[in-house]
Amino acid sequence: MNLRKRGQRILPEIPTASMADIAFLLIIFFLVTTTMNQDKGLSLHLPPIAETKEVKEKNICNVWINAQDQIAFYEGGTLNVVASSDLRHNIEQRLAANELLIISLKAERGASYRMFVDVLDELKLSGATRISIAEPEG
Amino acid sequence: MRFARKSRVGAVVPTASMADIAFLLLVFFMVSTVFVRFRGIPVALPEAEKIEKLEMRRHVTSIWVGANGAINIDDATVSLQQVGDLIHAKLTANPRLIISIKGDGRAEFGLISDVLQELRKVEALRVNFATDRENEGN
Numbered sequence: 004m005n006l007r008k009r010g011q012r013i014l015p016e017i018p019t020a021s022m023a024d025i026a027f028l029l030i031i032f033f034l035v036t037t038t039m040n041q042d043k044g045l046s047l048h049l050p051p052i053a054e055t056k057e058v059k060e061k062n063i064c065n066v067w068i069n070a071q072d073q074i075a076f077y078e079g080g081t082l083n084v085v086a087s088s089d090l091r092h093n094i095e096q097r098l099a100a101n102e103l104l105i106i107s108l109k110a111e112r113g114a115s116y117r118m119f120v121d122v123l124d125e126l127k128l129s130g131a132t133r134i135s136i137a138e139p140e141g
Numbered sequence: 608m609r610f611a612r613k614s615r616v617g618a619v620v621p622t623a624s625m626a627d628i629a630f631l632l633l634v635f636f637m638v639s640t641v642f643v644r645f646r647g648i649p650v651a652l653p654e655a656e657k658i659e660k661l662e663m664r665r666h667v668t669s670i671w672v673g674a675n676g677a678i679n680i681d682d683a684t685v686s687l688q689q690v691g692d693l694i695h696a697k698l699t700a701n702p703r704l705i706i707s708i709k710g711d712g713r714a715e716f717g718l719i720s721d722v723l724q725e726l727r728k729v730e731a732l733r734v735n736f737a738t739d740r741e742n743e744g745n
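Here the protein sequences come in this chain order: D and E. Using this note's numbering, read the first sequence as starting at 4 and increasing by one per residue. Using this note's numbering, read the second sequence as starting at 608 and increasing by one per residue.
The hints are all genuine.
With a Cα cut of at most 20 Å, we get these calculated EDC-like pairs of lysine to aspartate or glutamate:
#1 LYS697(E) <-> ASP42(D)
#2 LYS43(D) <-> GLU741(E)
#3 LYS43(D) <-> GLU656(E)
#4 LYS657(E) <-> GLU95(D)
#5 LYS56(D) <-> GLU730(E)
Incomplete in silico selection of chain D near chain E, CB under 8 Å:
#6 LEU29
#7 THR37
#8 LEU47
#9 ARG117
#10 ASP121
#11 ILE136
Everything labelled a hint here was simulated from the structure, so no lab data went into it. All C-beta atoms in this analysis are idealised placements derived from N, C-alpha and C, irrespective of residue type, glycine included.
Just chain D, with the same shape it has in the complex:
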C-alpha cells in the first residue's frame, strides 16, 4: 500500500512564469540603450579619374566659391556675385530653362567646407541632379 508513496519524489521545479518578463525587460533595456545614430548627409557620386566628357558650354553652369566664401556665377568671362539666399531660386530658374544643365561647382582651396556643403545643399534643394565638383586650381 505504501510502496507508491515511498517512490514519489518532490520534483524540483524552476519557476518559469517570470522568465518572459525577464526576457522582455532585457529587450527593452537593449532597445533603450542602443543609440541609433545613423549616418546621414549629402550623397554624391564622384566621376572616375580617367573620365572626361565633352560638354557643350551652354549646358554648363559654373558656380564658384572664393576664399572669402562668396558665391558667384562664372559666365561669359565675367563673375556675377550672387547671395547665398538667392542661389536656390537662381539655379531653379536656370534648370527650368535648360533641363540638361550640369552644374559645375568650383571652390578655391581657401573656401570653408561649411560654405561648400551649404552650396551643395542649395543645389540639391533646387533639384539639380547633375552636379560636378571641379578640382581647385593650384
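Following the hints, put chain E in place on chain D, whose structure we already have.
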C-alpha cells in the same frame, strides 16, 4: 438531480513559450546591432537640409577631417597619401563601400578636395558628406 448550471471553460493563454519568443527577439536584436567601433575625432559637422540617410552601417566607412586639417580613419591619424591605400584595402574587402566624409565645417575646402581626389584615384566614388540636419528647415 441538480445539473451544473454553467460548465466553465477556462480560457487560458498559453504563456509557456512566451519566454522563448522573448529570448528569440533578444537574440535577433543583439545579432543585428552593429556597434560603433570608431569614435573618430570631434568635428562640428556642417548643416544641410536635403540629406539622405545611409541605411547599411556595414557598408559605410568614415573619414574624419578636423578643423585643423587632421585626417583620421578608424581612430588613427593618417596622412593624405595614406588615405588612398587604406580606402583601397577597404574597398577591395567590400566593393559596396560608401565613404562618409565627416568634415568639420571650419576645415579648408582644399583639404577636402585633396581627400576627394585620393578617393577618385582608388575608384572609391560613392561618397557622402556627413551633415547634421538643419533645424529651421522648411
